[in-house]
Amino acid sequence: MAGNQKMLKGTHLYSNHQRGDTIVEVLIAAAIVSLVLVGAYVVTNRNRIAMQDTQEHSIALKLVEGQTELLRGDLATPANGECFGTDGSVNTGGDCIVTAEGVTAPANYGGAAYKIAITSTGVGPAQTFEITATWDNLTKGTSTVSSYYRRAT
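Read left to right, the sequence shown gives residues 0 to 152 (numbering that gives the first Met the number 0).
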């Protein structure tokens, strides 16, 4: 009987040791799951920023294309830094801060605002225009989209 008690006691100690391994295994598994979740969050966040950046570039390109079309169809030439308003007239004074819809942004506008500027180099048939849209991006930097147009004479 004494031998059986040692066996039971030894088996009992082995069970405690096995429980300790199980806790360590659970902690390792929890750490692995945590790493996977953190990795998924990082990838999702990067994708969200990339999608927002793509959308902002698309809007800016649309605004620049609209200004180019107005430049093509109008005989007026904006001075450096000016742009066309939604009605096709030249906004004088270089204050061309617009919303994604292309309308002038109010002073306290909280949404995405784009600064549009048309600059020109050369004169006559060699006159080339650069149409630029600049805006603050999500990464606290500035992004720019530019297009060039040479007016046919």
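Some hints could be false.
Claimed, not checked - Simulated crosslink set (DSSO-like; lysine-lysine; CA at most 30 Å straight-line): (1) Lys-61 / Lys-114; (2) Lys-139 / Lys-114; (3) Lys-61 / Lys-139.
Honestly, the hints are just simulated from the structure, not real lab data.
Structure-based check of each hint:
1. Lys-61 / Lys-114: Holds, because 13 Å separates the two Cα atoms, which is no more than 30 Å.
2. Lys-139 / Lys-114: 16 Å, holds
3. Lys-61 / Lys-139: Since the Cα atoms of Lys-61 and Lys-139 sit roughly 22 Å apart, the hinted pair holds (cutoff 30 Å).
Hint violations for this structure: none, all hints satisfied.
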